[in-house]
Amino acid sequence: MRGPACVAAAVLLFSACTVGPKYQRPQTPVAPGFSEAPPQSFTESAGWKQAQPADQTLRAGWWRLFNNDELSGLEDQVDASNQNLQAADAQYRQARALIQLNRAGLFPTISTAPSVNTNRSSSTATTRAGDYAQYSLPLDINYELDAWGRIHRSITAAREEAQASAADIETIRLSLHAELASDYFELRSLDAQKALLDDTMQAYQRALDLTQTRYDGGLSSRAEVAQARTQFETTRSQQIGLGVQRAAFEHAIAVLMGHTPESLKLKEDPLHALPPVVPVGIPSQLLERRPDIAAAERRAAAANEQIGIARAAFFPNLVITATGGFEGSTPVNWLTWPSRFWAVGPAMLATIFDAGRRRAQSESAVAGYDLTVANYREATLTAFQEVEDNLAALRVLEDQAKAQRTAVEAAQQSLDLSMSQYKGGLVTYLQVVVAQTTVLQNQLTETDILRRRMDASVLLIKALGGGWDVSKLPT
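Numbering (the numbering used here), first residue to last: -4 to 470.
Please note: incorrect hints may appear among the correct ones.
Within a straight-line C-alpha distance of at most 20 Å, the following computed DMTMM-like cross-link-like pairs (lysine to aspartate or glutamate) qualify [said to hold, decoys possible]: (1) LYS260 / ASP204; (2) LYS467 / ASP84; (3) LYS262 / ASP74; (4) LYS189 / GLU245; (5) LYS260 / GLU181; (6) LYS397 / GLU31; (7) LYS397 / GLU441; (8) LYS189 / ASP443; (9) LYS189 / GLU358; (10) LYS467 / GLU283; (11) LYS262 / ASP204; (12) LYS262 / GLU219; (13) LYS17 / GLU358; (14) LYS260 / GLU65; (15) LYS189 / ASP264; (16) LYS467 / ASP74; (17) LYS260 / GLU245; (18) LYS467 / ASP163; (19) LYS262 / GLU245; (20) LYS262 / ASP71; (21) LYS262 / ASP84; (22) LYS17 / ASP365; (23) LYS260 / GLU31; (24) LYS418 / GLU219; (25) LYS260 / GLU393; (26) LYS260 / ASP71; (27) LYS262 / ASP194; (28) LYS418 / ASP204; (29) LYS397 / GLU358.
Pair by pair, the computed Cβ-Cβ distance ranges are [to be verified]: (30) PHE348 / ASN79: 32 to 40 Å; (31) ALA345 / GLY28: 54 to 62 Å; (32) GLU257 / ILE105: 37 to 45 Å; (33) LYS262 / ALA221: 35 to 43 Å; (34) ARG115 / PRO333: 20 to 28 Å; (35) GLY28 / ASP204: 24 to 32 Å; (36) PRO326 / ALA350: 37 to 45 Å; (37) GLU257 / ASP204: 38 to 46 Å.
FYI, nobody ran anything at the bench for these hints, they're computed from the structure. No experiment lies behind these values; they were computed from the predicted model shown. Glycine included, each C-beta is placed from N, C-alpha and C at the ideal position.
Make the full structure from the sequences, and use the hints.
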């Protein structure tokens, strides 16, 4: 029994010898707070903490913040039908299967190759010549001791890569939902522009009728009638042209939902809602909320395991092999006890010279780890930038919207005054055309600012992770 005891002791000894660095999450720069966050939304107490309302974090189904039932209904169809999500899910299942593939290395491999052969020896050989049969039923067992932690590190790396793949799914899911919301608000902004142009065309038609009446009475020139007609037809052309953009956004929404473009028809509904209040939180929470940051961090952890795997190649492989079975010359004596055979023993496989291959693999693994760490830190910095950018956009656009509202009201007053003066014969119709153009451009700008505010809200929610956090990673 001394031999088996020594083998067992060696297994326990070598199993504790794991080579390679222990993983620690790389350090990343984190600001104490978002500089662009509205100061009234935060209080400073043991760091930046969000004040009221009580619900301080985003939730799943973040699009319900916009209180738009139609948008919510469209968003709810994305997960079930979008093909990009289906592809990402297949990649995750593929990565998950690799965990079991690597885990199988912890167990022995058992194989067999039964055979029945009829042989004839050469009559000129020194051994006994003639025909003979050989019946064989072998059973081979091979087991590699994980002496240097290579197998365990492979399992860990596969698990971390599967977690990164799961985070990739959430990144794609978040991007798809955000893209659909942006496309939806773009479409509704076009509806608002069309409604504005429809109202403007009615006003321009009344102005054209007035000019024609004045021309018939000898009070206006034919050039003024032409100016009024040009203004009307130009606006109608602009209104018709919106249909191209609207159809494109409608088709894009259908494809995001996994449907064919012609299957979705949305009724016109001008954009009029204001952007919601988005709970921002503190910068350190962003590291836990963003799935792309989580994926980058998990890949850094997997790359760290690859360093250990590469370094384990410098040490010999320790394998225990065992072979046994039955072998006979006839079916009668094939499976009898005297026909048994067996062999068992350890083996060691070591590379003596490889012209620097293992060293190159080790250096490559270290460089690969440094690459993933840099990607992780860059993803973190990009996340902070995206949050700050969209917070700034919302703040600036809110001020711009107030100023633009004032500009629209002033332009409308100027148009009313110009029209009154034209009716009284004090000015030409050219002044009315200029005032009409000014009003329309300011109204379109106001509509576009609202669209940009809604888009900035969607992008801010996307930058904050859309209600996801690392606790949702599969274990």
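Okay, the hints, checked on the actual structure:
Of the pairs offered as hints, the one joining LYS260 and ASP204 is violated, with about 36 Å between alpha carbons and a cut-off of 20 Å exceeded. In summary, the hint linking LYS467 to ASP84 is supported, as the alpha carbons are separated by about 15 Å, within the 20 Å threshold. For a cut-off of 20 Å, the pair hint linking LYS262 to ASP74 is broken: about 23 Å separates their Cα positions. The straight-line distance between the Cα atoms of LYS189 and GLU245 is roughly 15 Å, inside the 20 Å bound, and the hint therefore holds.
Proximity of LYS260 to GLU181 is assessed by CA-CA distance (about 15 Å); at most 20 Å being required, the pair is judged to hold. In summary, the hint linking LYS397 to GLU31 is supported, as the alpha carbons are separated by about 19 Å, within the 20 Å threshold. A distance of roughly 9 Å separates the Cα atoms of LYS397 and GLU441; the hinted pair therefore holds under the 20 Å criterion. The suggested pairing of LYS189 with ASP443 holds, with an alpha-carbon distance near 12 Å, which does not exceed 20 Å.
Among the hinted pairs, LYS189 with GLU358 is inconsistent with the structure: their alpha-carbon atoms are about 62 Å apart, more than 20 Å. Note on LYS467 and GLU283: the hinted pairing holds, with a Cα-Cα distance of about 10 Å set against a maximum of 20 Å. The hinted pair formed by LYS262 and ASP204 fails the criterion: a straight-line CA distance of about 32 Å is larger than 20 Å. Restraint check: the Cα-Cα separation between LYS262 and GLU219 comes to about 38 Å, which exceeds 20 Å; the hinted pair is violated.
Our distance criterion of 20 Å between C-alpha atoms is met by LYS17 and GLU358, whose separation comes to about 17 Å. Proposed proximity of LYS260 and GLU65 is supported: the alpha carbons are some 12 Å apart, at most 20 Å. Among the hinted pairs, LYS189 with ASP264 is consistent with the structure: their alpha-carbon atoms are about 10 Å apart, no more than 20 Å. Under the criterion of a C-alpha separation no larger than 20 Å, the hint pairing LYS467 with ASP74 is consistent with the structure, at around 16 Å.
Only pairs whose Cα atoms come within 20 Å are accepted, and LYS260 paired with GLU245 is accepted, the gap being roughly 7 Å. Proximity of LYS467 to ASP163 is assessed by CA-CA distance (about 12 Å); at most 20 Å being required, the pair is judged to hold. A hinted pair counts as satisfied when its Cα atoms are at most 20 Å apart, and LYS262 with GLU245 qualifies at roughly 10 Å. A hinted pair counts as satisfied when its Cα atoms are at most 20 Å apart, and LYS262 with ASP71 qualifies at roughly 19 Å.
Among the hinted pairs, LYS262 with ASP84 is inconsistent with the structure: their alpha-carbon atoms are about 33 Å apart, more than 20 Å. Only pairs whose Cα atoms come within 20 Å are accepted, and LYS17 paired with ASP365 is accepted, the gap being roughly 15 Å. Pair hint LYS260 plus GLU31 does not hold up; C-alpha atoms about 39 Å apart against a cutoff of 20 Å. Proposed proximity of LYS418 and GLU219 is supported: the alpha carbons are some 13 Å apart, at most 20 Å.
Among the hinted pairs, LYS260 with GLU393 is inconsistent with the structure: their alpha-carbon atoms are about 32 Å apart, more than 20 Å. At most 20 Å may separate the alpha-carbon atoms for a hinted pair to count; LYS260 and ASP71 meet this at roughly 17 Å. A distance of roughly 18 Å separates the Cα atoms of LYS262 and ASP194; the hinted pair therefore holds under the 20 Å criterion. About 12 Å separates the Cα atoms of LYS418 and ASP204, which keeps this hinted pair within 20 Å; it holds.
Between LYS397 and GLU358 the alpha-carbon distance is near 59 Å, which puts this suggested pair outside the 20 Å criterion. For PHE348 paired with ASN79, a C-beta distance near 49 Å fails the hint of 32 to 40 Å. Our hint of 54 to 62 Å for ALA345 and GLY28 holds, since their Cβ atoms are close to 56 Å apart. Taking 37 to 45 Å as the suggested C-beta distance range, the pair GLU257 and ILE105 does not conform, at roughly 58 Å.
In this structure the supplied range 35 to 43 Å holds for LYS262 paired with ALA221, their Cβ-Cβ distance being about 37 Å. Under the hint 20 to 28 Å, the C-beta atoms of ARG115 and PRO333, about 25 Å apart, fit the expected range. For GLY28 paired with ASP204, a C-beta distance near 60 Å fails the hint of 24 to 32 Å. Checking the proposed 37 to 45 Å range against PRO326 and ALA350 shows it is violated: the Cβ atoms sit about 53 Å from each other.
For the hinted restraint 38 to 46 Å between GLU257 and ASP204, the CB-CB distance of approximately 40 Å keeps it satisfied.
Of the numbered hints listed earlier, those contradicted by the structure are 1, 3, 9, 11, 12, 21, 23, 25, 29, 30, 32, 35, 36.
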